[in-house]
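Colleague: Given next are the chains, with one letter for each unit.
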Amino acid sequence: MTTLRTPDPPVAPPAPAARGRRGRPAGRRRKSQPEAFAFLTPWLLGAVALTVGPMVVSLYLSFTDYDMFTSPKWVGFGNFTHMFTEDDRYLQSVTVTLIYVLVSVPLKLTVSLLVAMLLNTRRGANGFYRAAFYAPSLLGASVAAALVWRALFMGGGPVNEILAFFGWHTPSWVDDPQFSLASIVLLGVWQFGAPMVIFLAGLKQIPAELHEAAAIDGAGAFRRFRHITLPMLSPVIFFNLVMEAIHAFQAFTPAFVIGGGRGGPADADLFYTLYLFEVGFQDFRMGYASAMAWVLLVVIAIVTAIVFRTAKLWVFYDDAEDRK
Amino acid sequence: MTVLPRSARSFGWHVLCLVIVAVVLYPLVWLAFASVKPPDEILSRLALLPTRFVFDGYTKGWEGAAGVGFGRFFLNSFLVAGLSVAANVLSCSLAAYAFARLKFRFRGALFAFMITTLMLPYHVTLIPQYVIFQQAGLVNTFVPLILPKLLATEAFFVFLIVQFMRGIPRELDEAAIIDGCSVYRTFWHVVLPLSKPALVTTSIFTFIWTWNDFFTQMVYLNDTEKFTVPLGLRLFVDTSSESNFGAMFAMSALALVPIVLFFLAFQRLLVEGVSTSGLKG
Chain A
342 MTTLRTPDPP VAPPAPAARG RRGRPAGRRR KSQPEAFAFL TPWLLGAVAL
392 TVGPMVVSLY LSFTDYDMFT SPKWVGFGNF THMFTEDDRY LQSVTVTLIY
442 VLVSVPLKLT VSLLVAMLLN TRRGANGFYR AAFYAPSLLG ASVAAALVWR
492 ALFMGGGPVN EILAFFGWHT PSWVDDPQFS LASIVLLGVW QFGAPMVIFL
542 AGLKQIPAEL HEAAAIDGAG AFRRFRHITL PMLSPVIFFN LVMEAIHAFQ
592 AFTPAFVIGG GRGGPADADL FYTLYLFEVG FQDFRMGYAS AMAWVLLVVI
642 AIVTAIVFRT AKLWVFYDDA EDRK
Chain B
63 MTVLPRSARS FGWHVLCLVI VAVVLYPLVW LAFASVKPPD EILSRLALLP
113 TRFVFDGYTK GWEGAAGVGF GRFFLNSFLV AGLSVAANVL SCSLAAYAFA
163 RLKFRFRGAL FAFMITTLML PYHVTLIPQY VIFQQAGLVN TFVPLILPKL
213 LATEAFFVFL IVQFMRGIPR ELDEAAIIDG CSVYRTFWHV VLPLSKPALV
263 TTSIFTFIWT WNDFFTQMVY LNDTEKFTVP LGLRLFVDTS SESNFGAMFA
313 MSALALVPIV LFFLAFQRLL VEGVSTSGLK G
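Order-wise, the sequence lines are chains A and B.
For the first sequence, my numbering assigns the number 342 to the initial residue and increments by one for each residue that follows.
For the second sequence, my numbering assigns the number 63 to the initial residue and increments by one for each residue that follows.
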C-alpha cells in the first residue's frame, strides 16, 4: 500500500507529451499536455457549473428573499439576524444537531474502536465477524432501515419489551421528546462498522514488538492501551473523527423517517438539514435556506479547523513516515 | 491475575463476538420475520418467529400507491443507480487519469480544490442547482440525479481512482507510449484495465449510495410515476396503523435485498476498500 503514496513528479524519465517521443528537453516538462484538458473537461464543467457557480449564487441568495417565482429581493443580513434572534425552530434545529453530533460521534468512535480491538487477533472466523459488523454501515442509511428502527423503538415494540424484561420501563421512544433523539443516536452508532474497519487497519500497523516490550517492562493492558495503542492510532482516530463529524452534521434520512417527516415530538428530531429542507422545498424560502446552508458550511469548516489545530496536541505521527 | 487456558479464552472471545453479532444483526433478522408475520403480531409478540407465515404484506405492498406499483419504483431505482454507476466510473476515471498521469497547469491547485470539495456540505450548492434544473425543465426527471455524476462531482471517487492509478507502475504506460500509443489509447487499453479494482469499488459504492439516497431523490422527483424505492417507502412514514405494517415491512425488506446481495457478493472487496481508502458505508 505504500506505493500509493508515490510523489507526484515521476522518478523515471519524464512522461512524454503527446504521441511519439522526440527526445524533448527536460526543461519543457512543466508545459500542459493538450490531452489533459480532454480528460479534465467533464470534471471541470462540473466544478464550474455545479460547484463553484452554485456556491457563488447561493452566497448571493443568502442575502435575499427568494421564492423561485419572483426575482430575489436583497435583505442584507436579514436572514442571518432572523435566524439567530427570532427563529425558535432554527435554534431548536441547531441544538438538536449539536447534541446529535456531540453524542453520536464520540459514542460511535468508542464502540468502533473497542470492537476493532476485540477483532484485532488472528483467531478464526474473524472475517465473518468483521463482515457482520460492517453490514449496518451499508444498510443503515436507507429509508428501509430507519423504518425498521422506528418500529423497533415504538411503544410496545421490541425495545420497550426487552428493556421492560430487565426492569426498565421506558415510554414509546419515538413519541417521547427525550428518547426520540436517543433512538436516532443509536441508529447512528449501529453503523459503527465503517470506522471500525478503518481502526482495524490502523491497529494492524502497530508493531507487535511495542506491546511485547512494554509487557516485559511490566505495563498492564490498560497502560499499554493508553501509552501505545492510543498514540499510535491517533492519526486514524483523527481521520475518523473528522469524517464522522462532517457526516453527522448532515444527517437527514433517520431524522426524517423517525421524526415522521415533521421533526418528531415537540421538534425533538428537527435536524438542521431537515429544517433546511422544510424551509427551502416546502415553504420555498430559498434565500433563507441558502443562508442556512452557508452557516452549516461555516460551522463545519470551523469544527474541522479546530480539530486540525488541536491535532498537533494529540495526534502522533511516526517520524519515519511523515504522512499528511 | 488468573491466566485462563488458551482454549477457554478463545471460547470466551467467540461468545462475546457472537453476542455482538446478535445485537447488530437483530434489526435485520427482526425485519425479515416481521415481513411475513400477521400484522397484529408484528409489535405485540416479541418472538421472532411468526405463529404462521403470511405473505399478504408482499402482495399488498407490491401494489404500491396511487396506481403505481412498487415494481415501478424498483425499476426506477435500478435505472437511476445503474446510470449513476456508469456515469461515475466514466467521468471519475477520466479526471483521475489526468490528475494521476498527465501534466497541466494548476494541477496542484486543482487537485487541492477537488479534495476540498470532499468536505463541502451538499446543501451549499443544492438550491442554485435546483434552480438551474428547474429553469431547464428537468425537475421531475432523472437528469438532476445523474448529470452531476456524469460531471464527476463526486470527488471521493476521483480521489480513490487517482490513488489507485498512482500505484500502477509508470513503466507500463510509458512502454505503451514508446510503442506509439496515443495518450487516449494508453488510458483506454493500459491504465483503465489495470485500475479495475478501483473501478469495481467505485461501482459498488455508487450503486449502494444511490440506492439509499433519499434527500436528492425527494427534492427532484415528485410524480409517483417517477418515484424510486426510498420515495415509495416514504409513503409509509406517516403510517402508524397496524394494518399497513405488513406492506411496510415487506417492502422495506425487499428494498434492502439488493444491498444485501451486493454485500454478500463483494464483502471482501468492500471491507478492503474501506480500510485502504477511508470510504464510508
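One or more of the hints may lead you astray.
[Said to hold, decoys possible] Stretch by stretch, here's where chain A covers chain B in the computed footprint (C-beta under 8 Å, at least three residues):
#1 117-130
#2 136-147
#3 195-208
#4 243-250
[As the list claims (entries may be wrong)] Among the chain A residues that face chain B by a calculated CB cut under 7 Å, a handful are:
#5 G387
#6 V389
#7 P395
#8 S399
The hints are simulated quantities; they were obtained by calculation from the structure and are not laboratory data.
The beta carbon of each residue, even a glycine, is placed where N, CA and C say it ideally should be.
Colleague: Confirm or reject each hint.
Modeller: Structure-based check of each hint:
1. 117-130: violated (count 0)
2. 136-147: violated (count 0)
3. 195-208: Per the Cβ count (1), the hint is violated.
4. 243-250: holds (count 5)
5. G387: holds, 3 Å
6. V389: violated, 9 Å
7. P395: It holds, given that the least Cβ distance between P395 (chain A) and chain B is near 4 Å, below 7 Å.
8. S399: At 5 Å from the nearest chain B Cβ, S399 (chain A) passes the 7 Å test, so the hint holds.
Figure legend: structure checked against the earlier numbered hints; hints not met, in rising order: 1, 2, 3, 6.
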